[in-house]
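Chemist: Here are the chains, one letter per residue:
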Amino acid sequence: MDWEVKHYPEYWGGKKLAYPHVAPEAPKFARSVVVGNLVFVSGCTGQDTLTGNPTPKNFEEQMVSALDKVKAAMEEVGSSMNNIVKTLMLLRNLDDYPRMRKTELEYYQKHAPFLVDNPPASTFMQVASLAKPEFLVEIDVIGVLKRE
Amino acid sequence: MDWEVKHYPEYWGGKKLAYPHVAPEAPKFARSVVVGNLVFVSGCTGQDTLTGNPTPKNFEEQMVSALDKVKAAMEEVGSSMNNIVKTLMLLRNLDDYPRMRKTELEYYQKHAPFLVDNPPASTFMQVASLAKPEFLVEIDVIGVLKRE
Amino acid sequence: MDWEVKHYPEYWGGKKLAYPHVAPEAPKFARSVVVGNLVFVSGCTGQDTLTGNPTPKNFEEQMVSALDKVKAAMEEVGSSMNNIVKTLMLLRNLDDYPRMRKTELEYYQKHAPFLVDNPPASTFMQVASLAKPEFLVEIDVIGVLKRE
Chain A
1 MDWEVKHYPE
11 YWGGKKLAYP
21 HVAPEAPKFA
31 RSVVVGNLVF
41 VSGCTGQDTL
51 TGNPTPKNFE
61 EQMVSALDKV
71 KAAMEEVGSS
81 MNNIVKTLML
91 LRNLDDYPRM
101 RKTELEYYQK
111 HAPFLVDNPP
121 ASTFMQVASL
131 AKPEFLVEID
141 VIGVLKRE
Chain B
1 MDWEVKHYPE
11 YWGGKKLAYP
21 HVAPEAPKFA
31 RSVVVGNLVF
41 VSGCTGQDTL
51 TGNPTPKNFE
61 EQMVSALDKV
71 KAAMEEVGSS
81 MNNIVKTLML
91 LRNLDDYPRM
101 RKTELEYYQK
111 HAPFLVDNPP
121 ASTFMQVASL
131 AKPEFLVEID
141 VIGVLKRE
Chain C
1 MDWEVKHYPE
11 YWGGKKLAYP
21 HVAPEAPKFA
31 RSVVVGNLVF
41 VSGCTGQDTL
51 TGNPTPKNFE
61 EQMVSALDKV
71 KAAMEEVGSS
81 MNNIVKTLML
91 LRNLDDYPRM
101 RKTELEYYQK
111 HAPFLVDNPP
121 ASTFMQVASL
131 AKPEFLVEID
141 VIGVLKRE
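Chains as they are written, first to last, in our numbering: chain A, 1 to 148; chain B, 1 to 148; chain C, 1 to 148.
One should not assume that every hint holds.
Keeping only pairs whose Cα atoms sit at most 27 Å apart, straight-line, the calculated DSS-like set for lysine-lysine is [as the list claims (entries may be wrong)]:
{"hint": "1", "chain 1": "B", "residue 1": "K110", "chain 2": "B", "residue 2": "K71"}
{"hint": "2", "chain 1": "A", "residue 1": "K6", "chain 2": "C", "residue 2": "K6"}
{"hint": "3", "chain 1": "B", "residue 1": "K110", "chain 2": "C", "residue 2": "K146"}
{"hint": "4", "chain 1": "C", "residue 1": "K132", "chain 2": "A", "residue 2": "K132"}
{"hint": "5", "chain 1": "A", "residue 1": "K102", "chain 2": "B", "residue 2": "K132"}
{"hint": "6", "chain 1": "B", "residue 1": "K71", "chain 2": "B", "residue 2": "K16"}
{"hint": "7", "chain 1": "A", "residue 1": "K102", "chain 2": "A", "residue 2": "K16"}
{"hint": "8", "chain 1": "B", "residue 1": "K16", "chain 2": "B", "residue 2": "K6"}
{"hint": "9", "chain 1": "C", "residue 1": "K15", "chain 2": "C", "residue 2": "K132"}
{"hint": "10", "chain 1": "C", "residue 1": "K146", "chain 2": "B", "residue 2": "K102"}
{"hint": "11", "chain 1": "A", "residue 1": "K110", "chain 2": "B", "residue 2": "K6"}
{"hint": "12", "chain 1": "B", "residue 1": "K110", "chain 2": "A", "residue 2": "K110"}
{"hint": "13", "chain 1": "B", "residue 1": "K132", "chain 2": "C", "residue 2": "K6"}
{"hint": "14", "chain 1": "B", "residue 1": "K6", "chain 2": "C", "residue 2": "K132"}
{"hint": "15", "chain 1": "A", "residue 1": "K6", "chain 2": "C", "residue 2": "K146"}
{"hint": "16", "chain 1": "C", "residue 1": "K146", "chain 2": "B", "residue 2": "K71"}
{"hint": "17", "chain 1": "A", "residue 1": "K102", "chain 2": "A", "residue 2": "K132"}
{"hint": "18", "chain 1": "A", "residue 1": "K146", "chain 2": "C", "residue 2": "K146"}
{"hint": "19", "chain 1": "A", "residue 1": "K71", "chain 2": "A", "residue 2": "K102"}
Keep in mind the hints are simulated off the structure, nothing from the lab. Just so it is clear, the structure is predicted and the values come from calculations on it, not from any experiment.
Model the full assembly from the supplied sequences, consistent with the hints where possible.
Modeler: Structural data, given as structure tokens:
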């Protein structure tokens, strides 16, 4: 396999997250970039970037929304949620750690059964804040296009 | 060389860190995942995950314990501590920075002499907290199986 | 392409950032490490590591200084700023987020025009602190040697 690079744009409310589609001060990044077999997915939060509706206040809802975005990003590149190999889990509140792991498991049971017995490598930290004070979780993922 | 993916499970006190071996709310991750020549090692803290004994309160002891885990993970995949290429160093207290670098150096002098003159690329930050309030350091590592 | 590893040392004020060129307690890391097509650049802050002058207090100046270091690192390995594929953006103060994105854009417009419409994948967090309390921003980058 080669080392080809592919760029997958991020869209919020139908707008490409790049200048001049959004303001200079706005977030601007790719949904993912593929390098060879590796998929670098931008950090996913619980923000509703499709409709622009307010971010849910509930931790589990934010976490599922973030995982939904990771899943969509992995599928967009022709892979799947089963092919996540590394996560960086960022929490706003340390108390959410057990909820984070439980919600992650339930999501894998539904959408990525391979990961239940073969979870990704993972690093965890509590941050001072994410991009908005109401964001409770952000998930940064490295995946692969295929495992063999 | 190819892009093969290999999964190395993490064990705490003999239990595989995957569901249903541990509770849904518990930490669940791989010790490492190898993708081609790259080794993604899960963040290592000073927690005594072999015996379950209390985590040492002393910074240097936590750091050595974390580095011991990195070393074991690198050796498990058939590589060595000398083949670390990138670290993300997370500290609970900024005052521990000089101790962190000194302990890292002493560890490399003993166990990874190549890194003394060829240290890994590295990024540093102080976090709000790690997975438990008593954790003082976490080390997230990317290594390689071989350098040439 | 192969999986060759190349190490590019970091120098501060002409001193190689490795022991015994600097003290055991000092920062010690590579400017970058290349693995195959991937370039892992050490986290770049606004610190003036050439002259040792005080770090600018102004956010935009720190950010440009950090981006200058990323650019130099990418060029040193034979690549360019256009070939950044992933960033981890670390801020000391959340209020600087809009300034961070605007300064990043202006830098790309001048020095990496490809990234204006094709920004890197990116993850953001506010940290408790960076290596020194006066550091306002740190940028951790993964790039590629070439895109095809």
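Chemist: Now look at each hint and say whether the structure bears it out.
Modeler: Here's how the hints hold up against the structure:
no., hint, result
1, B:K110 / B:K71, "holds, 12 Å"
2, A:K6 / C:K6, "holds, 24 Å"
3, B:K110 / C:K146, "violated, 37 Å"
4, C:K132 / A:K132, "holds, 24 Å"
5, A:K102 / B:K132, "holds, 17 Å"
6, B:K71 / B:K16, "holds, 19 Å"
7, A:K102 / A:K16, "violated, 33 Å"
8, B:K16 / B:K6, "holds, 16 Å"
9, C:K15 / C:K132, "holds, 20 Å"
10, C:K146 / B:K102, "violated, 36 Å"
11, A:K110 / B:K6, "holds, 23 Å"
12, B:K110 / A:K110, "violated, 46 Å"
13, B:K132 / C:K6, "violated, 36 Å"
14, B:K6 / C:K132, "violated, 38 Å"
15, A:K6 / C:K146, "holds, 11 Å"
16, C:K146 / B:K71, "violated, 32 Å"
17, A:K102 / A:K132, "holds, 24 Å"
18, A:K146 / C:K146, "holds, 22 Å"
19, A:K71 / A:K102, "holds, 17 Å"
In this structure, the hints that do not hold are numbers 3, 7, 10, 12, 13, 14, 16, in rising order.
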